[in-house]
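S.K.: Given next are the chains, with one letter for each unit.
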Amino acid sequence: DVKVTQSSRYLVKRTGEKVFLECVQDMDHENMFWYRQDPGLGLRLIYFSYDVKMKEKGDIPEGYSVSREKKERFSLILESASTNQTSMYLCASSFPDRGNTEAFFGQGTRLTVV
Amino acid sequence: QKEVEQNSGPLSVPEGAIASLNCTYSDRGSQSFFWYRQYSGKSPELIMSIYSNGDKEDGRFTAQLNKASQYVSLLIRDSQPSDSATYLCAVKGWAGKSTFGDGTTLTVKP
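Just so you know, the protein sequences line up as chains A and B, in that order.
Our numbering puts the first residue of the first sequence at 3, with every later residue one more than the last.
Our numbering puts the first residue of the second sequence at 685, with every later residue one more than the last.
This is chain A alone, in the form it adopts within the complex (with noise of 0.2 Å):
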């Protein structure tokens, strides 16, 4: 059974703090990918990644970095904390190719910024 797992289902955390989401996967995919979720604007793309120690910038990559020194874990960092990161933040991988793999997701986790 292919899994991709978060670190957590929810957290807390406090304005300015340096948080870590962890994303691990076991289905020997290439790509990876950390959106987030929220009300009203669908899936949004924050960053993704095709290979260790590679990344690509999203969508909306302000105020995020990320990490991927092995192929199986990819990691969100939210560098200073705002309560306007509070969101459902979803891991996801697939294969590379252009065609017809589709990205399989992780259970989410739900962050809020007090």
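Hints listed in this document are in silico derivations from the structure and should not be mistaken for laboratory results.
Since the model is a prediction, treat every value here as computed from it, not as a measurement.
In silico lysine to aspartate or glutamate, EDC-like type, Cα no more than 20 Å apart, as pairs:
no. : chain 1 : residue 1 : chain 2 : residue 2
1   : A       : Lys-15    : A       : Asp-40
2   : B       : Lys-686   : A       : Asp-40
3   : A       : Lys-73    : A       : Asp-30
4   : B       : Lys-726   : A       : Asp-40
Keeping the supplied structure of chain A fixed, place chain B upon it in accordance with the hints.
M.R.: Using the frame of chain A, we list chain B on its own:
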């Protein structure tokens, strides 16, 4: 213009009816199209994928793709209350990056 647009909803249908969900996309080079279902508080799960023009059927679900019109749709036949969820259209493009629509919320009333 958004890259992927879905009919805004919410959509409400009676149990047993056909639910029709629509999606348009802007990138003519897109080749892979997916429909995800997302229950409230859960992560998206894939229910249908389609890559060629025409229809693709899987049980009660039919995906339709028209690349010339840049249009993809999902039909749910014999809708059940358990189909009540938000449906996300996704288009896969350059280097495997998927772009999602905002979703259409479907309610199936018993």
